[in-house]
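First to last, the sequence lines map onto chains A and B. Residues 1 to 115 in my numbering are what the first sequence spells out, letter by letter. Residues 1 to 112 in my numbering are what the second sequence spells out, letter by letter.
In short, the hints are calculated from the structure, not lab data. A virtual CB, placed ideally from N, CA and C, is assigned to each residue, including glycine. Just to be clear, a hint being listed does not mean it is correct.
Here are the simulated distance ranges between beta carbons [to be verified]:
#: 1; chain 1: A; residue 1: Lys7; chain 2: B; residue 2: Lys71; range: 35 to 43 Å
#: 2; chain 1: A; residue 1: Asp11; chain 2: B; residue 2: Tyr39; range: 14 to 22 Å
#: 3; chain 1: B; residue 1: Ser8; chain 2: A; residue 2: Gln38; range: 18 to 26 Å
#: 4; chain 1: B; residue 1: Ser8; chain 2: A; residue 2: Ser81; range: 33 to 41 Å
#: 5; chain 1: A; residue 1: Thr113; chain 2: B; residue 2: Asp55; range: 38 to 46 Å
#: 6; chain 1: B; residue 1: Lys56; chain 2: A; residue 2: Val62; range: 38 to 46 Å
#: 7; chain 1: B; residue 1: Ile53; chain 2: A; residue 2: Cys13; range: 41 to 49 Å
Taking lysine-lysine pairs in the DSSO-like style, the calculated list, with each CA pair at most 27 Å apart, reads [said to hold, decoys possible]:
#: 8; chain 1: B; residue 1: Lys5; chain 2: B; residue 2: Lys68
#: 9; chain 1: A; residue 1: Lys7; chain 2: B; residue 2: Lys99
#: 10; chain 1: B; residue 1: Lys99; chain 2: B; residue 2: Lys71
#: 11; chain 1: B; residue 1: Lys54; chain 2: B; residue 2: Lys5
#: 12; chain 1: B; residue 1: Lys54; chain 2: B; residue 2: Lys71
#: 13; chain 1: A; residue 1: Lys65; chain 2: B; residue 2: Lys99
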Amino acid sequence: SAVISQKPSRDICQRGTSLTIQCQVDSQVTMMFWYRQQPGQSLTLIATANQGSEATYESGFVIDKFPISRPNLTFSTLTVSNMSPEDSSIYLCSVGGGGLNYGYTFGSGTRLTVV
Amino acid sequence: DQQVKQNSPSLSVQEGRISILNCDYTNSMFDYFLWYKKYPAEGPTFLISISSIKDKNEDGRFTVFLNKSAKHLSLHIVPSQPGDSAVYFCAAIVAAGNKLTFGGGTRVLVKP
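With the rest of the complex left out, here is chain A:
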């Protein structure tokens, strides 16, 4: 299965600023996914990022708040813009595991605290 390097692993940011999270995959993948896990909550899909096209956002998430780049088949970034304390969460990227079992691989996550 793919190996994902995600950074930063954690950050503490001032409200009103932006943070860009990077995910690097060790193999080419078509689809990359970005998730958010708020404190004590489950994982919620933010958007699906395909190379060469605009990301597809889930209900409740908008491009102005969470712009995504996907410049090639091994890399993607998620920016959390104009942050507020409500954005304090763990953000994770994920790629498909291949095969029929849909065992998607996740990055180690970025723990974001907004103060």
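Chain A is fixed; fit chain B onto it per the hints.
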């Protein structure tokens, strides 16, 4: 609308005994169901999956059972080991959409 639910937020079990984690879903279009394990400060790790056309899948100490009529699945871990202490997420996917829908998670504590 929570399509995948894990109604037990936590579970405590003695080492060597069986852990049973439950998951319910509402969307009959789900094609595959998956279980993930998550340690603190790490991303979820895929454990085992089951196709909607099967009722059981086994991999070592982990067995997943699917009851389609009840829209219910369970994960059995036997024997439980202290290293199994983690949060377990149930997830489901409609194959054509390629996106996972997660349950709320169950925190498992295996006591030595």
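For each hint, the structure was consulted:
At roughly 39 Å, the beta carbons of Lys7 (chain A) and Lys71 (chain B) sit within the given window of 35 to 43 Å. The hint said 14 to 22 Å for the Cβ distance between Asp11 (chain A) and Tyr39 (chain B), and at roughly 20 Å that hint holds. The hinted window of 18 to 26 Å between Ser8 (chain B) and Gln38 (chain A) holds, with their beta carbons roughly 20 Å apart. At roughly 37 Å, the beta-carbon separation of Ser8 (chain B) and Ser81 (chain A) lies within the given 33 to 41 Å, and the hint holds.
Between Thr113 (chain A) and Asp55 (chain B) the beta carbon distance is about 44 Å. The supplied range of 38 to 46 Å therefore holds. The hinted window of 38 to 46 Å between Lys56 (chain B) and Val62 (chain A) holds, with their beta carbons roughly 42 Å apart. Separated by about 46 Å at the C-beta atoms, Ile53 (chain B) and Cys13 (chain A) satisfy the suggested range of 41 to 49 Å. Between Lys5 (chain B) and Lys68 (chain B) the alpha-carbon distance is near 15 Å, which keeps this suggested pair within the 27 Å criterion.
Taking the CA atoms of Lys7 (chain A) and Lys99 (chain B), the gap is near 23 Å; set against the 27 Å cutoff, the hint holds. This hinted pair checks out: Lys99 (chain B) and Lys71 (chain B) have alpha carbons roughly 19 Å apart, not beyond 27 Å. Distance check on the hinted pair: Lys54 (chain B) and Lys5 (chain B) sit about 20 Å apart at the alpha-carbon level, within 27 Å; holds. At most 27 Å may separate the alpha-carbon atoms for a hinted pair to count; Lys54 (chain B) and Lys71 (chain B) meet this at roughly 13 Å.
Pair hint Lys65 (chain A) plus Lys99 (chain B) holds up; C-alpha atoms about 21 Å apart against a cutoff of 27 Å.
Consistency with the previously given hints is maintained throughout, with no hint failing.
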